[in-house]
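J.: Chains D and W are the protein sequences, given in the same order.
Counting along the first sequence from 1, when you hit position 432 you're at 432 in our numbering, and nothing is skipped either side.
Counting along the second sequence from 1, when you hit position 59 you're at 59 in our numbering, and nothing is skipped either side.
Rather than coming from a laboratory, the hints here were simulated on the basis of the structure.
Think of the CB as a built atom: it goes at the ideal place given N, C-alpha and C, for glycine as much as any other residue.
Take these hints with a grain of salt, some might be off.
A partial selection of chain D residues facing chain W, derived with a Cβ cut-off under 8 Å [claimed, not checked]:
no.	residue
1	H143
2	A223
3	R459
4	E473
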Amino acid sequence: MTKLKSPSSKGAADNELIATIEEQSAELRLLRTEVAEWRKKYEKGELRDIAFTNSEKEVQPIYTPLDAAETSAEALGMPGFYPYTRGVHPTGYRGRLWTMRQFAGFGSARDTNERYKFLLAQGQTGLSVAFDFPTLMGYDSDHPRSEGEVGKCGVAISSLADMETLFDGIPLDQVSTSMTINGPAVILYCFYIAAAEKQGVDSTKLRGTIQNDILKEYMAQHAWVYPIEPALRLIVDCFEWSAEHVPKWNTISISGYHIREAGATAAQELAFTLADGFTYVERGIARGLDVDTFAPRLSFFWDIHNDFFEEIAKLRAARRIWARHMKDRYGAKDPRSLMMRFHSQTAGVTLTAQQPMNNVVRVAYQAMAAALGGTQSLHTNSMDETLALPTEESVQVALRTQQILAYETGVPNVIDPLGGSYYVETLTTELEREAELLFKQIEEVGGVVRGLETGWLQRKINESAARQQWEVEQHRRVIVGVNEFVTDGPALEIELLKIAEETEREQGQRMAKMRSARDSTLVEKRLSALRQAASTSRNLMPYILDCARAYCTLYEIRAAMESVFGAYREPVFF
Amino acid sequence: MRPIRVLVAKPGLDGHDRGAKVVAAALRDAGMEVIYTGLHQTPEMIATAAIQEDVDVIGLSILSGAHMTLIPRVQDLVHAQGRDDILITGGGIIPKEDVDTLERRGIGRLFGPGTPTTELIAYIKEWFATREKQEA
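Generate coordinates for the entire structure from the input sequences, incorporating the hints supplied.
T.: The following block contains the structure:
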């Protein structure tokens, strides 16, 4: 953009403007000629025999100001200003670095508590809880369906007692905690609030996030409990109640991560996730909530895949789309409602079991893309995660990768350093356009909820996953160490974390003890109050919190609501 | 030769079905008759489906770490029905040590991440051809 000098008179200003425009169009004409000449030579030149595509999208061999001209200065804005393409904080990472938040959890609450203390001592700045599958599905550790799964893929938390152990010696007013939990999210959230109360910490002081994004569960991750409508009701209950009682808490983390991991392209991840976000906003408004009371606490979570520039562009496009829709479609006025704040994680699906040390390098590139895209917090995967849960040593390398990025590379020194890159700006604009097209398609199939019921959204993701597998098998997509540059001979052995078999038995014993120590009359009373409230339209949060305080278990609370809501049935197809 | 009938199943609580669905589609495209159970199945549900559908092969996909509990249980239930002619194979995140233990127990091959679908198609076809020959 050429800045005009302040005019001395209107006539002089007009002349100056005309001169500037003439100068600029002459420059553009010259550029067009240069690009045409270059293209002739390029097309005759020698080219490698591979598909130069990027998430199924053709990319050009070079980008020039001719491409970037489609992106207006208005679409960029300044960091911390609408439409936030260049970031939500005016000072970027010069003000504050991203939060280094490693997702961790395994075995018992005691095992994981030790890992958290280790990570905090290593300079990690936030906690992130990985729950085991029984917890994710709302089963207690001693439920028959939990057999063989307790503590395997995360930590087992079945009641307030486990939550107290998990954060033993970690003051909850001094850390921010993220919890990846969805189907039974509000139950675990209440365990956390009740654990804080036990530490003498008021809920208004708590900082953190619950994932609580059920739409992407039906779409991709599949840890659901209730049918779609009651599940959405619980989420809106959580928005409404938290605005008053836990004002610093992110009540949802609207996640593209799992959608991408399940096979979606970058554009699909972007569009499906934002469409989920809009659905939550619409449900909140339909409840009668003022959008600005809950929208500032909505946060996002993105997958950072291999295509370096596409991922950066995706993050920039996401911020811009969110801001525009929140302002124009939903009438949000508080700037915080327009700002997309997000967590990122490097793409687990890109890690290979073959030559696992190579994963360190993949993660480093992906982490750099996340930083260049302006993430607020980051998890870097460990090299051994396609084989088992990570060991302490491999987690340390993953954390060090972030620290090297933050303190040695100079990447955080300049805000949105790729802003103005002809390629990145063009990709950002193209991804935004593709997302808008997908929003239209979603609307045509009847919206996100209908699209899930009919399986339209799931099918789209499956198709992309199948295409990617085909590309790998046809060698159109190279995966180092898997379909090219394969090493013969014995695989490199790396040490793996093993979950002790006693975890399940010991957890069962702890549960039995807890059940016999609690006030069983109170437990029954609280569960029955919850059951009754569930069949009215009352906000269920206070009832669930009361159950948590009385040491009702995860499954008891789940079942109380299930007796009214029923269970979700998956549409099965492939 | 009649088409090979395969039950692709997701035992346990884990929700990772990308692999199972990609494999199910690839087996179908290779000419097999494929039934997919959907998620969150108990070993009992899987064994019952396998017998009712009269399948030749059960393909189990597990990424939750519960393989040492769930795979042997499916095997025991199928054998209890007198069907030790059904091949039980599968894949997921399963450490080598556990793969060896399960194979010693009579489980078929268990495939790890990065396996081309062509490899498991060839494996199933070869197993089936051998079984047919033995029966003939």
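J.: Now tell me, hint by hint, if it's right for this structure.
T.: So, going through the hints one by one against the coordinates:
1. H143: 10 Å, violated
2. A223: For A223/D, the interface hint holds, since the closest Cβ of chain W sits about 5 Å away, which is under 8 Å.
3. R459: 10 Å, violated
4. E473: Result: holds, 5 Å to nearest chain W Cβ.
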